[in-house]
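Fit chains X and U to the known structure of chain E by using the hints.
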Amino acid sequence: MKDKLNSNRSRTFLAITIPIVILFFVFNTMAVIQGFGYSLTNFKGFGGYDFVGLRNYIDLFSDERIINSYIFTFGFAIICTILVNIISLVLALGLSSKIRAQGALRAIYFLPNILGGLVIGYVFNFFFTYILPGIGEAINSGALSNSLLASPKTAWFALVITVAWQAVALNTLIYISGLQTVPEDVYEAGAIDGAVGFKKFKNITFPLIMPFFTINMVLCMKNFLMVFDQVVSLTGGGPARSTESISFLIYSGGLSGGAFGYQSANAVIFFVVIVTISIFQLRFLNSKEEQL
Amino acid sequence: MLKKSQLARTAKKTNRTITFWLLVGSLSVFFPLYMTIMIAFKDPSQMSNSIAGILAFPKSWSFDNFQQAMAITDFWHTLSNSILITGATMIVAVIFHSLIGYAIGRSMQKRGYRLLYLYIISGMFVPFAIIMMPIVKQTAMLGIDNRFGVVLLYSIFYLPMNLMLYTGYLKNIPLSLEEAAAIDGASTFKTFWSVIFPLMKPMHATVAVLTALGTWNDVMLPLVLLSGTGQNTLPIAQLNFQSQFGTNYNLAFASYLLALIPMLIIYIIGQKQIIKGVVNGAIK
Amino acid sequence: MASISIRNLNKTYPDGVEVIDGLNLEIKDKEFIVLVGPSGCGKSTTLRMIAGLEDITGGELAIGDRVVNDVQPKDRDIAMVFQNYALYPHMTVYKNMAFGLELKKVPKDEIDQKIKEAAKVLDLEKYLNRKPKALSGGQRQRVALGRAMVRNPAVFLLDEPLSNLDAKLRTQMRTEISKLHRKLQTTFVYVTHDQTEAMTMGDRIVVLKDGKIQQVDTPENLYNKPANIFVAGFIGSPQMNFINSKVTQEGSKYFIKIDGCTLEIPAGKNKNDILSKYAGKEVVVGIRPEDFHLDQAFIEMAPKSLIDVKIDLTEMMGAEVYCYGKIDDEAIIFRAPSRFRPKEQEEIVVAIDVNKIHLFDKETTESIII
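Chains as they are written, first to last, in my numbering: chain E, 10 to 301; chain X, 17 to 300; chain U, 226 to 595.
The following block holds chain E by itself, in its conformation from the complex (with noise of 0.2 Å):
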């Protein structure tokens, strides 16, 4: 199917490759290059705006609220991949073997993930300022009887649980399709060679499904870097901005707070870091996928 007698094809790919495509620069690559824009000026969202170069980037490096949003989003998400890929991944061993309702509980355990994290943030705010408080109040627990979300130091804490309940869902399916490909075979001939219990997972397991593994490290990243929704709804950002993700500190800041030029920078810098990330993610991913 090549050349020139199938003008009439290659014509009709680009009849419909042109319009879509000029679609896509339009609002995705010009918005990209007008934010660019937007962060040389002072542009408050509304009104006139000067030029003023690379200083919203200088600012940016000595403002402490841009510089801690960078710090909590990072370390939660850090923390939350973790603590989503190790429950993920004992849940999926759990629906993997041999249990009742299989089909029941897998469908159970996947039920957060399509629900909106809004409400579902606000469901846990309530959770956490009423219902644990309570419990740890009925126990004589001082440490849980005040809310995690009223203290700066624990409310990053609440953020991870709520985010979690949700996270955990994706990645445990991802990780029950992954055992699924490990040949039985497999196991039997370790089970012969004396592969059994942790030894099983270490050896057989873990290493079989670690593209898998890989997924899983990459959606994390990438979604907890980006946390919004339930920042909004648990938190507000709060105590003490002590929750502001940078995702929220670009609306807020440049949507509400009439920092728009301020704020582009930010999520130039931001973008950066994304892209930054994801190709170290992809690169680690191909090479991975290369040894298998």
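Just so you know, these hints were derived from the structure itself, not from any lab. Remember, it's a predicted structure, so these values are computed and weren't measured experimentally. Some clues are possibly wrong.
Cut-off 27 Å, straight-line C-alpha distance, at most; resulting in silico cross-link-like pairs (DSS-like, lysine-lysine) [stated by the list, open to error]:
1) U/LYS471 with X/LYS206
2) X/LYS217 with U/LYS358
3) U/LYS482 with U/LYS506
4) U/LYS356 with X/LYS206
5) X/LYS292 with U/LYS358
6) U/LYS356 with X/LYS292
7) U/LYS506 with U/LYS551
8) X/LYS217 with X/LYS292
9) X/LYS288 with E/LYS107
10) U/LYS434 with U/LYS330
11) U/LYS471 with U/LYS506
12) X/LYS187 with X/LYS126
13) U/LYS329 with X/LYS206
14) U/LYS393 with U/LYS358
15) E/LYS231 with X/LYS292
16) U/LYS329 with U/LYS345
17) X/LYS217 with U/LYS320
18) U/LYS345 with U/LYS393
19) U/LYS408 with U/LYS434
20) U/LYS393 with X/LYS206
21) U/LYS299 with X/LYS126
22) X/LYS187 with U/LYS333
Chain E side only, calculated, beta carbon under 8 Å to chain X, not exhaustive [to be verified]:
23) ASN17
24) PRO121
25) GLY126
26) PHE135
27) VAL191
28) GLY266
Cβ coordinates follow ideal geometry from the N, Cα and C atoms, glycine included.
This is chains X and U only, laid out in the frame that chain E set:
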């Protein structure tokens, strides 16, 4: 000796033990939902200060909270907006993304198309935060800061992922089918509709599920585009509701439950398809 | 109802690779012609150019009286059967066959009638409402044939249609396709890499290598009178043996020497005294595996063409034995009736049937005598 036999027994019954613990664990999934339901059906006077009071079954199951929440959030209108936006995006994604997936996927022997493919795929790494503000300006300028604009933008934001899924799937469809269609006298479009599109069915399911889940629950885009237009989606309605009536928990939870119910119903009906779709999308 | 003439056909891919180089071929009306050759020889490309699935870089292609270089596949009055059948998986057998006719806007009852007819011929009547997935390999193959049949084309193009079938089914389908050809009285162009298929099915066979035609001939002539070393080696199984040798002349007689044994070339083979040009020159001797003889009668009759062979290995095939051995360090293979099974490592005497030997020019690889 006793110990040994006990061990042997537990080893045999492992699957029961695991089943038991998984059932216990599943309470963590149900508890928030249970809590939501209990609170939503009570009126504030039943919410005694103890958690037992909060979590107990209501004395009478009352739908008053729901009626009130529906009135405040303009529920049916909001719901229809959500359905409209999600449905339209889903249809656009399945039709147009598969079409461009076909066009690009079958032209990959050309360098230009390969670059184009990488260009669009790289769009996956653009965080919404960076384009959020320009998008607000652009859509306002073009007069599409409305439901149409939201659908258009979703269709563009989901293009990279869906393009990747469709072109990936296209590799499984042998080229000789299209050649057979050419000999049968089908035009390129006819070949797509009659041969390729039906064969992409498994991927349509994946794309539809992923796109729908993403758009249905999304907060950011409708938040920045639709605020003040009176055309809320379900999540945005909750956001607005919360800022006004957040302290009336019974009312609020009735509203949350209303927002969750459509998805819960769809999940109960199409649970297998949804799970399959999401997994396919994540692994590919 | 259509002949095909291919004149000076060229195919060069955009990356500069030339796959077909100046191909000339006249295919007669109603002929069953087979294009055969090793993979990459350009046989499929040629077929796909006839179908209109590949562009023609240079030259001319005519179906009937019409030059079709720039005609769309659907307007060429051809039908094609693909290697992996290319059945539309989501359509029933009926719909698969109807699709092309529907696109041509053939009336529904006419479509129905044509499909019923084809289904009857191909024994597919029971399966019309099934999807391809629910059919066996042989049935799918028949559906692919049926899809081609209902178009009522002037030319049938078949691209390795049997290569996905198991050995037994392949033999069976071979005869069915031959029967179909006889019944339909249409031109068939058939591509295969399997010389057995080519030999059993083709009226004429086109042997291709590196985009060039090596020989076009009937199966008999291809086997008995190969034009060059490639054709001689490609057609026939086990392969023809090739042994390097030298032509010597004594008066009007010509000899070749193999491992100390001097064989006289029968004078009848030396047409137009062609061998005079080769006196004293190196040539390649070609001997088919069946032209070695072990039976006493033949050995006694041909005392001058005896040769020593050291047997390495024998393969029992049932009625006969394939013997692998060495003559003067050159590996050869010959067939013998199984009652003559030699022992391994044994040195035996065999007689060569000099009337059947072939000589090839060492440089051009062209046949000298056949």
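Q. Tell me, which hint numbers fail for this structure?
A. The structure breaks hints 1, 10, 19, 20, 22, 27, 28; every other hint is satisfied.
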